[in-house]
Every structure is written in structure tokens, then in C-alpha cells.
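A.B. asks: Chains as they are written, first to last, in my numbering: chain U, 146 to 397; chain B, 639 to 775; chain Y, 353 to 532.
I should point out that these hints are in silico values taken from the structure, not numbers from a laboratory. One should not assume that every hint holds.
Claimed, not checked - Computed list of chain Y residues with no C-beta within reach of chain B, every gap over 12 Å:
hint, residue
1, Ala367
2, Pro375
3, Leu468
4, Leu488
What the hints assert, rightly or not - Pair ranges (Cβ atoms, derived):
hint, chain 1, residue 1, chain 2, residue 2, range
5, U, Ala309, Y, Arg472, 50 to 58 Å
6, Y, Val506, B, Pro734, 43 to 51 Å
7, Y, Gly495, U, Thr357, 31 to 39 Å
8, U, Thr328, Y, Ala444, 54 to 62 Å
9, Y, Ala444, U, Asn385, 47 to 55 Å
10, B, Leu667, Y, Gly499, 14 to 22 Å
11, U, Glu259, Y, Arg474, 28 to 36 Å
12, Y, Gly499, B, Thr741, 17 to 25 Å
13, Y, Val506, U, Asn319, 24 to 32 Å
14, Y, Val524, U, Asp389, 47 to 55 Å
15, U, Pro247, Y, Gly499, 48 to 56 Å
16, B, Val745, U, Gly358, 47 to 55 Å
17, B, Glu698, Y, Asn419, 41 to 49 Å
All values reported here derive from a predicted model rather than from experimental measurement. The beta-carbon is built from N, C-alpha and C at its ideal position, and this holds for glycine as well.
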Amino acid sequence: MNDSHLQLKSAPIVEAVLDIDCDLPPSIDLSALEASAQTSFGEGYPKPRKRLVQAMQIETKDGEATKVSARHGLQALQYLAEDEKQLVQLRRQGYSFNRLAPYSSLDEYLPEIERTWNLFMQLATPLQVRLIRLRFINRLLLPTVEGSVTLDDYLKLGPRLPDATNLTLSGFFNQHSAVEVATGNAVNITTATQPMDGDKLPVILDIDAYYTGSMEPSDWTQIAAHIQSLRQLKNLVFKNSLTDRCLSLFQQ
Amino acid sequence: MLPSGLPEVVADDEPLARFLMSSSQFNALMVKPAAYMPSAKDGNTSVFRHGAEPRESLLEIAGTHVVGERTLHGVAICTAQQVRASELNVVAQEPPPRHANITGWPVVANDPEQTKAQQKERALLIAQHAVLVRVPR
Amino acid sequence: MLEPVSAVTIQLGLAALYSLARPGSAVSREAQVVQQVANDAVNSVERSWALFGRKASAISELSALANECAHEGWDGGDARPIDPQAVSKAIAFMRALPDSLPLPEMTAEPDGAVSLDWIRSRNRLLSVSIGAGDRLAFAWLDGSDRGHGVARFVEGVVPARIVDGIAAIMDVRDAAVRAA
């Protein structure tokens, strides 16, 4: 089945992320790229941010006060669009493109992804691509009746309780990992509940599809082909994780 | 002749002492390679031209020039020849008396991890032969 | 009905969970929810002695080492203090290590990195340096064979070269079950 064009009127996507992880030159210093990255990305993404990683050290010695120290490392340079719904990231592991809701279609974003990827290549001069990841985080708002919902009405991958008569489900976190043998693509499928949102039960359906392999950074044709392959897998997982009744919620 | 009275050139058969300030630097089998890794500051590994005996003078060197307020856990002893067989060198460097440096650690320009990997291999070769002298507590 | 699990492509489920529990590239509130819930699941697993006891002890040992080598000159010379980021990475590395492999011995290096050593004998050992970055320097001695290399530790996956090296040095069979 070709699911490359799954059309939903109101897709429940809250975030779509494309990661292209690569080997960067050993001598690269992310903080040294900050100024030139801001120039390169500034036109479409005028709001710069940094993602830091912090490591704490707690030192104890008999008879002495405990000393706490922290060291910061730069994990990513982030450049946000004016409305903060879209961002590009220069990470120590590679490149990311994030789109927050409202999300239209990957076809609409691909030209911009290609453009910003080319900018990333000029800045960071990656040696090779190692992994391409397409992660779609969906927030499904399931309608309840008198405060409860039958999950099987909406989820094909729903949880099961050992005793449905005496136990009532109060929350869940599930994760499945799978490999698509024909393509070598892998996928992690995570579902988790959130607290009630009015009379709706939010369920997060997080589909994280990725391909691991070596590619030339300049070979956009090959990279784009893998993105489309991952997109097909993601759409397949999405469609087959949900019942028709659930899918119809997103056609309204 | 150096102020310590030792010859300027470290002979192959001279024992070299490396003082171990953490019990993690050795185990029941051997001295660990990290104990010989070079300083990040000067690129050398500091040793003293002394063997396991006489023990009193060995511990005196440690107490005077190395230990300070820390605890000495052990001493690693190898020979200059074993260091040179690892494609490194030993060069006298006084003061302090009897002090020398293991030098010639490989450096790969613009690639600190490759540098580390190559240095680690040499450190493994020295550690393979080093003898541990335990310090009574 | 339960799904069949392929032994050929088996991957340690916790690796995917750890991956979710780490800060990733997603920025939405929902991504943070998933991360938090995954973190809670990780904490629950790691409270179990059966599931995590050995590694919990090793991590505790590493914390003690970090404390011991927290000062400039901890080696009596001019060694740098152990780098807290290197300690974090070393903990992540040990979490990611397949359960079929023995845990390493640990020591600090003069540049602030953590050295993880698998020592079978004086003539058979493998040593990995863990610093703040993703590239790991390693070297091994196996009788008259020796060598060194650099491999990348990303996304909580121990590089195959290192897994295979440890298995070979420590004579572990069935190291084919690897972290994803």
C-alpha cells in the first residue's frame, strides 16, 4: 500500500522533527559557528537560542561543607522563525528541522529543509551522514462519555489489563520497537496518556522512524529518498495504529 | 652529571617510579594504563628515577615532592627500556631531584580523540610491564 | 495474541526507552511529556536490583571516583579535575552496555576523562576513554596483537567495534545481542 499521501483535514501532529545525524570534523567547535550561523539562518529564523547540557558535580569530604559545581556544554544552536512554529538546529550530532502545529504536509516543508540543510553543510562541513530520523508526535484527543473512553474504539495498539472487570485503567506508557525488514528502517512507537483536557482524553502517539547508514552529505537525492521512505513507514504505522473511528476524528 | 648525582642520560636499565594517588589506578593484576597517560598541560608523564628499593628513600621522594595532603596508594615501577620499547622516551628533568619525564607521546593535529587513542595504546604497553609496589596504610 | 519477536533483529528494549528519556531534538510540550514519562519508567527499572543492580553499583563507584578526583592535581601532579560531563557520559555508556558484557573498572585520566578498562590479564585488556564529546578513544592489547581506534557513542548505542572488542578480550560469547 502506498501511503505517502495520507491526507487529514486536521492532523493531530503537534511536532514533526527531521534529524540528519552526521560525523562532523573532530576539530569543530559549535560555539565558534554561532556568529556565522546567525547570519546564514537569520533571514528566515531571526530568533536564536542555545540548548545547553549541564553536568553537576557534588563533592563531599568529611568535615567539610558539600561543594556543588556545574559545567555547561553547548548541545545545540537553535534558530526559530518569528512565530516560533518552525526551527532549525545545529547540534553536536548534526542537523534538525522542527515544525510545530499547525502542520500541513512534508511536501510543503521539504524545499525549506533542503535549503537549510545546504546552509548547515556550508557551516559545519559534515564528513558523512550516519542517521536520518523522522519523528512525528501526535496528540489524539479522544472523546469521553461520562468521563470514560473505550480505548479499543480508537487504538489498535491499546493496552490490556489482566482483569478488566475489577481494574480500571488510569494511565499508560507503551513502547514498541520494530524493523521494516525490506528497507532497514526502524521505528519506535510510543503511546502515553496525559491528564484529561476538558472532556477529552489526550493520548500521545509518538512515531519515531529512522534509518542508520552512511551517506554523502551532499547527496540530497539519496537523503530525500530516505526521508520519503521513512515518511511511508510513519504513515503506515499511524494509519494502522488507529481505528477508522479514530481517523475520522481528524477529517472534521 | 645532574644536581642529584645521576647521569644526564637515563639508561635503559634504570627503574622509573610513578606515584599512584588513587586506588583506582591499579587492581590486583596490574597498574592500569591511565596511570601513565600524559599530562594535558605539558604532554609528558612525570616519573622519578628510583626503583622499589630502598623503600624508605622511595617514600621520602613521594612525601617530599608529590603527595602533599593526599594519600599515596601505590607506586608503579617500570624500566626506561620498557618505556622506549613503547616508542616513547625518558628524559631527565631536574629539579626536583631524580625527576624525569616520559616524552614523545604521539599527537594527531586537530584530532584530540585520535591523539588520545594512540597515546592510550602506548600507555597499555608500559602498564603491561609495570610492577606495583603497594604502600602500607 | 502476542507479536512474534525476531531473534535476528532483537534489540534491547531499554535502549529505546533511554533514548526517549534523554533530551532530544524535539521541542514541543508533548515531547517533554514523553521524555518525563520515559524518565519515570527508567527510574522504575533502575530501582530494581534484578534488572539494574550491577550497573547501579558501578554507577555508584563512578560517583565515588568523581568525588575522589574532583580537585586539580588529584594525581599529585597537574591532573585536571574529572569532568562532570565525562562522568555523565560514562554513566550513559554503562547503561547502554549490553547486559551480556562484564562491567568495566574505572579510573580518572589526567585530562579529566574517565577511563573504562576491561582487564582479563596483563596481556589482554581493552581501555576506553570517555570525555565530554561523542567520540571515544580506545586501545587494546591481546597478546602480541594491539591497536587503537576512535568510535562514536551516540543515541545511547555502544559502538559495535567496542562491544566486539570487549567480548573478544573478556571471552564473552553471544555478544550479538547488542544495544540498538
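A.B. asks: Look at each hint and say if it fits the structure.
C.D. replies: Evaluated hints:
1. Ala367: holds (23 Å)
2. Pro375: Non-interface label stands for Y/Pro375: nearest chain B Cβ at 23 Å, farther than 12 Å.
3. Leu468: violated (10 Å)
4. Leu488: Not fine: 7 Å to the nearest Cβ puts Y/Leu488 too close to chain B.
5. U/Ala309 x Y/Arg472: 50 to 58 Å: holds (53 Å)
6. Y/Val506 x B/Pro734: 43 to 51 Å: holds (44 Å)
7. Y/Gly495 x U/Thr357: 31 to 39 Å: holds (33 Å)
8. U/Thr328 x Y/Ala444: 54 to 62 Å: Since U/Thr328 and Y/Ala444 have Cβ atoms about 29 Å apart, the given range 54 to 62 Å is violated.
9. Y/Ala444 x U/Asn385: 47 to 55 Å: violated (33 Å)
10. B/Leu667 x Y/Gly499: 14 to 22 Å: holds (21 Å)
11. U/Glu259 x Y/Arg474: 28 to 36 Å: violated (55 Å)
12. Y/Gly499 x B/Thr741: 17 to 25 Å: holds (23 Å)
13. Y/Val506 x U/Asn319: 24 to 32 Å: holds (25 Å)
14. Y/Val524 x U/Asp389: 47 to 55 Å: Given a distance of about 49 Å, which is inside 47 to 55 Å, the answer is holds.
15. U/Pro247 x Y/Gly499: 48 to 56 Å: holds (53 Å)
16. B/Val745 x U/Gly358: 47 to 55 Å: violated (33 Å)
17. B/Glu698 x Y/Asn419: 41 to 49 Å: violated (29 Å)
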